[in-house]
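Let's have the full structure, built from the sequences with the hints guiding it.
Chains H and W, in that order, are what the protein sequence lines are. Residue numbers are given in the numbering used here: position 489 of the first sequence equals residue 489, and the series is strictly consecutive. Heads up: take any position in the second sequence, counting from 1, add 548, and you land on the numbering used here.
Treat the hints with caution; some may be incorrect.
Said to hold, decoys possible - Simulated crosslink set (DSBU-like; lysine-lysine; CA at most 35 Å straight-line):
1) Lys47(H) with Lys385(H)
2) Lys352(H) with Lys302(H)
3) Lys500(H) with Lys463(H)
4) Lys302(H) with Lys248(H)
5) Lys500(H) with Lys540(H)
6) Lys369(H) with Lys47(H)
7) Lys385(H) with Lys775(W)
8) Lys255(H) with Lys350(H)
9) Lys255(H) with Lys279(H)
10) Lys775(W) with Lys118(H)
11) Lys389(H) with Lys775(W)
12) Lys384(H) with Lys89(H)
13) Lys775(W) with Lys89(H)
14) Lys279(H) with Lys500(H)
15) Lys505(H) with Lys369(H)
16) Lys238(H) with Lys350(H)
17) Lys389(H) with Lys89(H)
18) Lys384(H) with Lys567(W)
19) Lys775(W) with Lys391(H)
20) Lys47(H) with Lys78(H)
21) Lys775(W) with Lys94(H)
Keep in mind that the hints were calculated from the coordinates and are not lab data.
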Amino acid sequence: MRTTTRRGFLGLAGLSVLAACSAPPGPKPGAKATAAAMDKLAALVPKYVPRTVLTPDIPGSVPGFGRDGYLSYPSGEKLVDLVKAVPGKGGSYKVMVPTWSPLPAPLGQNAYYDAVNKDLGATVEFNYLDGLTINDKLPTLLAGGDVADVTTLPGWALTAVPDYSRAVDGLFEDLTPYLAGDVSAKYPGLSALPTLAWQYSVFGGKLKAVPSYPTPQFGWVLFYRKDLWDELGQAAPKSADDLFEMGKAVTDAKKDRWAFSDIFPMVEEIFRAPKKWRKEGGSLVHRYETPEYAAAVEWMRKAVDAGLVHPNVLSAKSAADDKELFKSGQILVKSDGFSFWAETLIQVGKEKPGFWMEPVPVFGADGGKPEYRMNQDPGYTFIKKGTPKEKVEELLAIFEYLSAPFGSQEQLLFNNGVEGVHFTRDAAGAPQVTELGPKEIVGSYVWLGGRVDPIFESQAHPKYVETATTWWNAAAQVRHQDPFDGIRIEEPGDFTAAAKPFDDKVVDIIRGRRALSTLQQAITEWKTGGGDAGREFYTKVLTDNGRS
Amino acid sequence: MTTRPVWQERPTVFGLTLKTVVLTLLVLAMVYPIYVVVLTSLSTAATVTEAGGLVTLPGDLSLDAYRELFGGGVVTRAVLVSTGVTVVGTLLSLGLTIFAAYGLSRPGSVLHRPLLFLFLLTFLFTPGMIPSYLIVRELGLIDSYWSLILPTAVSAFNLVVMRAFFMNIPGEVLDSARIDGASDFRILWRIVLPMSKGVTAVIGLFYAVGYWNAFFNAVLYINDNTKWPLQLILRQYVQQGMNLVPNQRAIDTAAGYALPPNLAIKMAIIVVALVPVLLIYPFVQRHFTKGVIIGAVKG
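Here is the structure:
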């Protein structure tokens with residue numbers, strides 16, 4: 001309701017910048033891939049120079065995608081003091097970062113801020129952007145131009161703003177002169193961030209941001225209640241048919257037990273549907289058009305028809321409430337973010353010692369490999385345009401300090417606070433939050449700088465780090481390869497808009513409100529409604545970047 | 549034999565039973581959710597996990613959720629902000645609405661037609677979010693409490709309801725006051741308002757509930773977190789652990805901080821948000837029936 005009104009009004013007012021969504025059909029004139037040709041892209045970002053701070057117990061598999069594992073938290077003596085000089089010069093900065101947590105105590109009443117600021121040699125004051133309303137707030141913030149000295153924005157929120165690259169260009173400082181090329185002597189921490197994350201920080205041919213939270217992520221992970229699964233005498237599935245049969249065996253509506261939540265996104269990956277496009281003999285085939293996608297829809301519908309999906313999930317608008325059902329054992333298999341795992345183990349583990357969940361071991365629909373999608377659009381930390389050179393350098397020195405990875409004294413401080421105040425060490429040496437910890441600390445400094453986090457949450461469960469690292473590194477090897485990796489794309493509004501009605505139809509098909517046979521019809525409508533125009537646009541992007 | 553009208557007949561046993569059953573069901577439909585919310589907010593984390601969601605049968609009880617909520621000082625501060633905004637906002641809105649409604653209800657007042665038309669226009673055309681933002685910004689109200697009050701200070705709906713009520717006050721009463729030498733302000737204060745206690749209370753309630761529940765203005769206009777109202781702070785507790793953007797939360801949980809609150813805290817939040825309205829309601833309720841049918845029957 002609000003959106004319609006807003007767009008309508010903007011259209012009338014002729015604010016073409018903001019009304020880009022309602023532009024006429026076809027690729028809009030401003031739409032373009034903002035990354036230059038690949039060789040140029042490489043010249044805009046810092047050269048990748050990896051650095052090891054502590055030797056991991058389990059090393060990561062694929063550089064830039066795998067993750068190291070630490071079975072125990074390093075003792076105080078082992079922690080490396082990475083940054084010797086004080087990075088700040090006494091400057092004072094207002095920083096805006098998003099949060100999905102309740103607000104911490106403000107600066108002045110917060111010992112955590114005081115401790116980190118003292119070590120930084122600068123005053124960083126955080127204002128938090130409410131995570132759930134970020135999509136509403138951001139267009140106004142960018143249109144008004146009231147940005148703080150430093151602003152961190154998640155990639156998905158930024159790219160949802162029409163014509164965002166123009167806003168980025170107008171509001172934020174160009175960092176190319178400071179960071180392009182080999183800067184590893186000055187910024188060893190920033191140089192150790194994955195190249196792909198840096199490439200996505202290029203907007204309109206300029207390096208505009210420092211990647212925030214460049215730790216690779218899986219969009220979705222398929223979890224199962226292995227404790228109950230074993231109890232019911234099932235093994236790990238090796239194919240989509242296996243998963244279906246096992247789902248049938250474990251579902252017992254009389255005992256309030258269903259096999260699945262809505263796991264469709266993961267089923268797609270198991271069937272190897274591409275993330276967006278696949279190159280087939282010189283032309284692009286969209287995910288919706290692939291037989292893999294159709295097979296995934298069919299499988300999910302079959303599971304719904306067989307009564308294997310929890311009825312609450314089917315009647316809900318989204319699968320948002322399935323966490324509690326999974327914890328209580330009413331749902332045995334569900335997809336969620338990777339962090340759901342440690343989070344749930346910590347939460348439920350205390351009350352139910354026998355509780356154990358883990359990702360379903362890597363498997364593809366036909367018994368082969370799946371293609372798990374990894375999220376490669378991290379957050380971005382911008383510096384306000386017009387910031388004087390010495391201030392930019394002070395900020396970059398602060399970001400460099402904050403890019404100190406796990407195993408350094410700096411990271412322990414800005415991640416966990418002060419020992420004895422915000423955390424204590426348990427018998428195994430792992431930091432445990434005190435009661436004050438969560439009241440003063442939410443993700444704040446960690447957004448700035450960026451670093452690849454290893455897997456180390458040993459407090460979750462004794463088995464956790466080993467199982468998690470092993471799974472992660474195996475899964476990273478079967479990750480989906482996207483032809484558009486590293487290219488920042490502003491796609492035509494019509495193409496983006498065409499996805500929604502299509503996805504709604506697919507939800508209807510999966511939930512049994514539409515016949516499976518209508519899928520082809522939906523695809524045809526999607527094609528004419530913007531799909532084919534999108535294909536043209538994306539093909540051009542590939543050509544422009546020398547990847548066709 | 550004189551037949552009595554149907555409403556003077558003695559009620560039949562069947563009718564009585566039916567009414568009792570229907571009304572009981574209706575009451576249950578409203579009371580039961582509140583009961584579940586309150587009970588869950590008072591349950592321990594273990595009880596909530598056991599129930600797999602909302603708690604319907606009492607298990608272990610504790611006040612942990614409330615302790616957690618009010619522990620940091622952030623929520624307490626937000627209660628003050630919201631109370632301040634609600635009190636100041638309601639008084640201001642009520643004042644403006646009364647003046648405007650009175651002026652527009654007197655047929656002879658200056659530009660009364662075009663002004664009314666302008667008010668009514670806001671029914672049809674709401675300003676877009678970005679234009680509103682730009683205006684608030686130009687007025688220098690970003691990060692000011694006034695940005696939570698001024699943009700929504702006058703509601704055209706409330707204005708129209710109040711105007712309709714004022715128009716029903718017999719002109720003779722006002723004329724006689726004027727003959728006695730009363731000014732317009734005096735007429736409003738001494739004659740009109742005392743005759744309009746009901747509608748004033750109801751409109752005041754509308755405004756107060758509106759200000760108390762509003763959070764979106766704060767999302768847009770307030771960057772300074774210490775000025776956030778209660779509803780926005782409470783939303784952050786509720787939205788924790790939502791499935792919308794699974795990986796964005798990884799950063800908060802990396803260190804084991806800020807785990808999603810259990811359902812008990814979420815329910816405690818609902819209770820906290822609900823209580824003030826529940827407290828005010830009984831006092832205004834007696835005016836309510838009168839208030840809402842204003843304009844329904846003219847004569």
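Tested hints:
1. Simply put, Lys47(H) and Lys385(H) have alpha-carbon atoms about 24 Å apart, close enough for the 35 Å limit, and the pair holds.
2. Annotation: proposed proximity of Lys352(H) to Lys302(H) holds, straight-line Cα distance about 33 Å (limit 35 Å).
3. About 41 Å separates the Cα atoms of Lys500(H) and Lys463(H), which puts this hinted pair outside 35 Å; it is violated.
4. Our distance criterion of 35 Å between C-alpha atoms is met by Lys302(H) and Lys248(H), whose separation comes to about 11 Å.
5. Between the alpha carbons of Lys500(H) and Lys540(H) the distance comes to roughly 24 Å, so the proposed pair stays at or under 35 Å and holds.
6. At most 35 Å may separate the alpha-carbon atoms for a hinted pair to count; Lys369(H) and Lys47(H) meet this at roughly 33 Å.
7. Taking the CA atoms of Lys385(H) and Lys775(W), the gap is near 26 Å; set against the 35 Å cutoff, the hint holds.
8. The straight-line distance between the Cα atoms of Lys255(H) and Lys350(H) is roughly 25 Å, inside the 35 Å bound, and the hint therefore holds.
9. A threshold of 35 Å between alpha carbons decides the hint, and for Lys255(H) with Lys279(H) the separation of about 47 Å lies outside it, so the pair is violated.
10. Distance hint between Lys775(W) and Lys118(H) is fulfilled; the C-alpha atoms sit about 26 Å from each other, no more than 35 Å.
11. A distance of roughly 32 Å separates the Cα atoms of Lys389(H) and Lys775(W); the hinted pair therefore holds under the 35 Å criterion.
12. For the proposed pair Lys384(H) and Lys89(H), the alpha carbon gap of about 18 Å is at most 35 Å, so the pair holds.
13. Taking the CA atoms of Lys775(W) and Lys89(H), the gap is about 29 Å. The hint holds against a cut of 35 Å.
14. Restraint check: the Cα-Cα separation between Lys279(H) and Lys500(H) comes to about 23 Å, which is no more than 35 Å; the hinted pair holds.
15. About 28 Å separates the Cα atoms of Lys505(H) and Lys369(H), which keeps this hinted pair within 35 Å; it holds.
16. Taken as a hint, the Lys238(H) and Lys350(H) pair is honoured in the structure, with Cα atoms around 32 Å apart against an allowance of 35 Å.
17. Taking the CA atoms of Lys389(H) and Lys89(H), the gap is near 13 Å; set against the 35 Å cutoff, the hint holds.
18. For the hint linking Lys384(H) to Lys567(W), the alpha-carbon distance of about 67 Å lies beyond 35 Å, and the restraint is violated.
19. The suggested pairing of Lys775(W) with Lys391(H) holds, with an alpha-carbon distance near 28 Å, which does not exceed 35 Å.
20. A hinted pair counts as satisfied when its Cα atoms are at most 35 Å apart, and Lys47(H) with Lys78(H) qualifies at roughly 29 Å.
21. A hinted pair counts as satisfied when its Cα atoms are at most 35 Å apart, and Lys775(W) with Lys94(H) qualifies at roughly 16 Å.
Checked against the numbered hints given earlier, this structure breaks hints 3, 9, 18; the rest are met.
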